[in-house]
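Colleague: Residues per chain are reported as follows:
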Amino acid sequence: MTIASRPHHILTVTVENKPGVLSRVAGLFSRRAFNIVSLAVSPTDDERFSRMTIVVDAETAPLEQVVKQLNKLIPVIKITEVAPAAGVERELMLVIVTAAAETRSQVTELTAIFEAKIVDVGYEAMTIMVVGEPEKLDAFSDLVKPFGIVELQRTGRIALPKLARASTRLRSVKTARS
Amino acid sequence: MKLTGAQALIKSLEMEQVEVMFGLPGGAILPVYDPLIDSSIRHILVRHEQGAGHMASGYAHATGRPGVAMVTSGPAATNIVTPLCDAYMDSIPIVVITGQVAYSVIGTDAFQEADTVGITMPVTKHNWLISDAQDIPRVVREAFHVATTGRPGPVLIDLPKDVANAPMDWYWPEKVDMPGYKPNVKGHPRQIKDAARLINASSRPVIYAGGGIMLAGASNELRALAELTGIPTVTTLMGRGALPDDHPLCLGMPGMHGNYTAVTAMQKADLLITLGARFDDRVTGKVSTFAPDAKVIHVDIDPAELGKVRHADVPIVGDVRTVIEELIKALKSERTKNDPPDLSPWIATIHDWQERYPLKYTQEEGGPLKPQFVIERLRDNTPDDCILVAGVGQHQMWASQLWKFKQPNTWVNSGGLGTMGYAVPAAVGAKVGRPDRMVWAIDGDGCFQMTAQELVTAASERIPVKIAILNNAYLGMVRQWQELFYEERYSEVYLSPDLPDYVKWAEAMGCVGMRVDTADDVVATIEKANAIDDRPVVIDFRTDWREKVYPMVAAGSSNDDIILGPEFGEGGR
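These protein sequences, in sequence, are chains A and B. For the first sequence, position 15 (counting from the first letter as 1) is numbered 15 according to the numbering used here, and the numbering increases by one without interruption. For the second sequence, position 307 (counting from the first letter as 1) is numbered 1307 according to the numbering used here, and the numbering increases by one without interruption.
This is chain A alone, in the form it adopts within the complex (with noise of 0.2 Å):
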């Protein structure tokens, strides 16, 4: 199964920008045993926060206990989850493709159809740079692995809510409940 086809939920976590925050939300998942399938960190527009996106292995975590043991932790400001139907999902990818001269047309035309982009050319290779959904990666990958991946990265998705439309909210900002 791949990446983007597991059974996931995806989380966004506003929490404080303060040292050891990525450590206590971390710990918490590894010590309540919940696998994370990817995370990204990012500064958010204000500066005290910043906004994790977390995709959870929805069959090791119950999402309702992950996000009730999560909103435990003090610097944990605000919890959303986005149903995979309700929100936009990107992820970046750079990868390495072997693309000598014989094959290197087929490449650059998957780069084309998959409107990736080919950010760097060497002798035998290039790295090219795929942006879309998850599912839309796993498909770039497929199909140039039969020329030979040298390398491969993935950033791990972000995710926001789709506009003009009811995205799940779990839980809104904590102090609304006092």
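Quick caveat, the hints were computed from the structure, so don't treat them as lab data. Keep in mind that a hint or two might mislead.
[Stated by the list, open to error] If the Cβ cut is set under 10 Å, some of the chain A residues that face chain B in the computed set are:
| hint | residue |
| --- | --- |
| 1 | S23 |
| 2 | G27 |
| 3 | R31 |
| 4 | E47 |
Glycine included, each C-beta is placed from N, C-alpha and C at the ideal position.
Got chain A; can you put chain B on it based on the hints?
Modeller: Here is chain B on its own, set in the frame of chain A:
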């Protein structure tokens, strides 16, 4: 006002009304020990940092106020990890302050450096590494707030030495501002109404009361609820004393070594009213067969407990005291509309179990001294408000089974983590917190050897705790499991009754040491110990090593397969 970080820390602790702290100084925490000399706070110098942590926990158990411990960096900090984990599992509010190497050298593997915040992250409710002396009052305020509110628990403040020496402008924050921490205290009114309706429609209900009752100070409310409804109540290992054991509705302890009636009442119940308890595996046995016919009302201040182990038909997030108060109101109003069911057949069934399957043991005339006999004599020869402390193992189970707790907060033990060696330091902490009370610890010989050195602390600080060692010369609980589940292949469980010599050891530590070999001497020796009030007492009770804890539900088994023990004939079922 200009203060050093160290002065600010001590002043902040004073602002938090800290009267006593348990600790041991060392390099990195040295700056804080200096202003301590001029403080009103009493400091108890322990002999091992683990002792400081468990003392803080014993203090918190007995007083309901947060216990405070202070130790240095590195090995001292790692030594206090066990008490932190212990307090975390049992939701006990303690505040631990650790010294740290200078902020400027963190990460360089400096002398006595350890990543204390990293190490203790999974065993604290929250922890802080202070990088700026100006933050100290705010962090102390937050630490006490987090430790004592919501679901209580241990917190840790790690203070680097250069921060302790740095100057700061004194202030005291009027309130705590933590956007990510807002515990929910009040239960949802609709859920409470649903709970009342369910209670009023159940014919075999059981109240399942846990340690949360103690933490919320809700024993009066629990009693009112039980008496209003006439619903029988089990009190878990952490909840013993939540309802007095001599109350006609109190069924005692459920679980792996619970009495038959408490275990079976839960199994046969049609409703479990779960109040501040967490469906621990020691209570449920095999979860899939636990209380199969019961609907569940689950009240807990920690939302993550609801549905964690067992689905709750009516989950209620809130402070258990507030929720019970509201529940009583809702029940009264519900009863004006619908008559409550007749519980008398259920109560009759329960009484029948109690008569047929009591806790049993036999102290033979002139035979080996039974540990249960010692506990019962101790129980009958101590005041009602005596605080009882236990370590972990057979002695703990017998104590919890046989003691008649009359008041809340009179039972101090390590439930979730099962920390051997808890009793001696926890008893010291309890006695410091409640000097007006008699404090007895029932301990095993294995447990006692782990932390006995804190009796030196007790002797030198004139803290007159009393320790009853049930010396069966074995790691008794392990031996019991090897006998029952490993075909009597005893592996590394024999300890010897005479090595060490407990009487001499007690005397060497400044305590009174006594030894009892026969049933006839038990009461007289207890009375002698009760009369001593100027130093600790240790009694070495030589008990029967063959004795096992019954009833028992084997690990992973269903609670339906409870084993009553040999007193009930072949197989004891």
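Colleague: Does each hint fit the structure? Answer for all of them.
Modeller: Evaluation of the provided hints:
Of the supplied interface hints, the one on A/S23 holds, with its beta-carbon coming within about 7 Å of a beta-carbon of chain B, less than 10 Å. Restraint check, A/G27 versus chain B: the minimum CB separation of about 5 Å is within 10 Å; hint holds. This hint holds: A/R31 has a C-beta 5 Å from the nearest C-beta of chain B, less than the 10 Å allowed. Taking 10 Å as the C-beta cut-off, the interface hint given for A/E47 is violated, the closest approach to chain B being about 15 Å.
When held up to the earlier numbered hints, the structure conflicts with hint 4 and nothing else.
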